[in-house]
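Colleague: Chain by chain, the residues:
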Amino acid sequence: MTVTLYSVAQSIAQAILGAIASVLPPAGRGVASAPVVTGLAVLLFAAILLVASMLNTIVLIWFERKLLGRFMDRRGAMHVGFAGILQNFADGLKLARKDTVRPREADTLGFWTGPTAYLVTSLILFGILPVSSGWNSGVLPLSLLLALAIFSFAPLFIFVSAWSSNNKYSLMGGMRSAAQMIAYEVPLLLSVVAVVLVSGSFDLTTIVEQQQNYWYGGPLLLALIVFVAAMLAEMERIPFDLPEAEAELVEGWNTEYGGMLFAFFMLSDYVRALVGSYLVVLLFLGGWTMPTWVPSTLTSFPLAGIVWFMIKTYIVFGVFVWVRAALPRVRTDQLLRVGWNRMIPLALLSVVLAAGVVYAKCLPVFGCVPGLGG
Amino acid sequence: MSEMWINMGPQHPMTHGLWNLRVKIDGELIVDADPEMGYLHRGIEKISEDRHYNEVVTLMDRCCYVAGMSWEHLYILASEQALSIAPPERAEYIRTMADEFQRLGSHLMWYAAFVQDLGLMSPFLYGMRDRDLILDLFQSFTGARMTYEYMRVGGVRNDLPPGFTDRARKVMDWLVDRFREYDALCLGSDIFRKRCDGLGVLSQAQCVELGVTGPMLRSAGSSRDLRKDRPYSAYDRLEFDVARADAGDVTARYLVRMEEMRQSVRIVRQILDWLDTHPGPVMAERVPRWLGAPYAPIGREDYLLKRRYPKGVGFSAIEEPHGEAQAYVVNEGGEHPYRVKFRSPVFANLSAAKHYLVGYHVADIPPIMGSVDICVGECDR
Amino acid sequence: MEPGEWERTLRASLGEAVVAVEPFAGTRGRVRFRAGRALDVFRTVHGAGFTHLSMVGAIDWVDHREVFYVVWSDAAKEYAILSTDVPADQPRVASATSVWPSANWHEREAWEMVDIQFEGHPDLRHLLMPDGYAFHPLLRSFKLHEPEELEVKVRHV
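Chains as they are written, first to last, in the working numbering: chain Z, 10 to 383; chain P, 25 to 405; chain Y, 341 to 497.
Derived from the structure by calculation, the hints contain no laboratory data.
Think of the CB as a built atom: it goes at the ideal place given N, C-alpha and C, for glycine as much as any other residue.
One or more of the hints may lead you astray.
Claimed, not checked - Derived, one-sided and incomplete: chain P residues facing chain Z with beta-carbon distance under 7 Å:
(1) G41
(2) L142
(3) V200
(4) R204
(5) A208
(6) L211
(7) I215
(8) F216
(9) R217
(10) G222
Stated by the list, open to error - With a Cα cut of at most 20 Å, we get these calculated SDA-like pairs of lysine to any residue:
(11) P/K70 with Y/P462
(12) P/K378 with Y/K483
(13) P/K218 with Z/T125
(14) Y/K483 with P/S247
(15) P/K218 with Z/W349
(16) Z/K107 with Z/M275
(17) P/K48 with P/K335
(18) Y/K417 with P/L262
(19) P/K378 with P/G33
(20) Y/K483 with P/E52
(21) P/K70 with Y/D455
(22) Z/K177 with P/R261
(23) Y/K417 with P/G304
(24) P/K378 with P/E52
(25) P/K218 with P/V289
(26) P/K48 with P/W29
(27) P/K70 with Y/A428
(28) Z/K107 with Z/A92
(29) Z/K75 with P/G336
(30) P/K335 with Y/D403
(31) P/K194 with P/V55
(32) Z/K75 with Z/L49
(33) P/K218 with P/N31
(34) Z/K75 with Z/F98
(35) Z/K103 with Z/T125
(36) P/K378 with Y/H476
(37) Y/K417 with P/A229
(38) P/K218 with Z/V332
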């Protein structure tokens, strides 16, 4: 039986409860019963997943700072911890200590729920996306759909926080954000349709396992390009970061936020950046699998799947950082025009190409593969 | 959404200084604009009436944080005319060189800030990195990186340190290579061209009418450059071309400033060659030795010794990095200038803001205002 | 063009509006004119090729005030200075904005600093000083060493 995160959590729960039960009088032995163990195991599972994902996100921020620094001919964070790796923890602590100033005219409910809901919905995604076989919250036949559905909550909460902070810049940023995300949701989903057509499944685990010997990124290159571009817009990173274009809109929709609420936004942005990179790897770059021709010494060490997955994820994110270091920001109308006039036709074309691949039951270069198209 | 006024400033990332751009927007479209100035007004003209001639140089450094040397030069030229003192030739060359260094420094700062406003962080650091080399050069011959207090009525404070010209040549070689990178990053990028082409257009006639000068005017097809048209200091003895473009938009201003930096390098190289072969004094002989010392105010001891300079009025105009700067110094024979009046090119360029902003989008404000190259210090004075 | 020759040319069209054209180093000359006929002088000088107004400044000579204009001709590549005296108790001169729109901010500054009333200026309000500022700092009567207590109204938009 393969080791999964849940089985690890379950055995830890069992060990803890067993130890407690052994010192309790017989009447208390019930604490080690199956429902309690399951309950504790779920909690432990969630806690491990949350902490690991948050740590990953923070390392991601560090990775971006260092990489961006190198692109800009400087060193990035250097002084806290080895090569500045603890700098983000220090920044987080600083933000946590800070007072959150709420504008007098702001709407209290929206002002607080916006960032909180934004962070929570972003974090839920970690429970859905598998980073290795068994490392998610269970078998979800529609995990891809669920992930994308939750991913697209964001404009709602951004708009709520923008509107409720009662600032003209926030409002403009919020409206831009909503317009942008809605425009880019369509090509994002269409390019995913191409993957679903070829794989015949909405289950991310199935999609990844099918890619062991051929990455969908090859035959579905067009879908990959559309997906990455749309993902950049969804993540609001340069060149599509106009909702928070600091040159004209100060900080866009989070202008009025400070302290921990700002940290929520910041963290959520990076959570979404990480999730976006996860999705690219899962859908197009073979996820945690390595091709069968790779020597087994490289694929059979403990946690090999996660390591492979993270290497790919960081390479994908490195490309995002590279883009950020090299491109200026586009303008709202240009962004929307590109979105509706270019991205959607391209995404439709990629769906047609994917249908062709399914019809021929063969992939260019890789040859004909049994089981293709479900 | 109906029309609304928004205040971009006084604390806003776009302003690069302390001023307030009030824009009236309809959705994302600008329908009216009204710059509000004065947040950085320090009354330099008034304080100058209470300072000795050389003490005003200190204030000139504070006029503009990126072009202190140019402002020193401007003021010194007018004061020398008002006091009827002429500097030696070597001092003129050194001043010209300092002017061109300042132009390079200012344009590099502009490049850094302008491209960052477009959302591109890397050139900001490239620009600042290369500007630092210029500041290092300044430090080696003036002792300061920003507030130099180097020029004096009658010359400059001190001669160049040994080995300076070789160091400066190396910096110039490095910069010429970097300009190629800058162009690749900006002009080579489609997004950059999309963000800048056809924005903030001012025609040549509009520029003249509104008093817009400097790179903005030259980007609209004019070839007016005081260094050529009305040469001061050593410019009539140097070879260079006037950078110009025709479109009058943001890209054209970018092209003009980049070309100006290349021309500045060319000028500096000629001056360095000249300085190597022409040693000599850097203070005018008529000015007593103590006037060359730091902080020695011209006029005061003359005044105490009842040795008045004849009354006079001095007017000077130089091509500052931002445009045409002018100074008008009235000498009534006292120990202080009677009245000092400056014309800041940024002041005039900014007064035309409405004409190059209306009709564009809110997202166009950073590139347009960035291409104007604003320095609030010299605008408010 | 020599100042004397220019004086004759200007006199021919402006008559007594021009008091004198004095030589001024580095420029074509300084035209001293009567404030009452300022607009005629502006139009004539503008018509003579001085299309660019660089600066408007004012000097407080205690008994009277002087307003000067620096203009530039692209064709002749020359500056010229126009200057007029106005009485200190009635410092009035016509605004140059109708001839040179660039005079706008310069005149606003000259008004708030030296208290020159520019008649016909479209928008004569404070520029560098806050709204409601009651002093004219560049007058000689405004002493640097006697700070005045003042309350400044700040406009909220």
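Colleague: Looking back at the hints listed earlier, which ones does the structure fail to meet?
Modeller: Hint check: 1, 3, 4, 5, 6, 9, 10, 11, 12, 13, 14, 17, 20, 22, 23, 25, 28, 29, 31, 32, 33, 36 fail, others pass.
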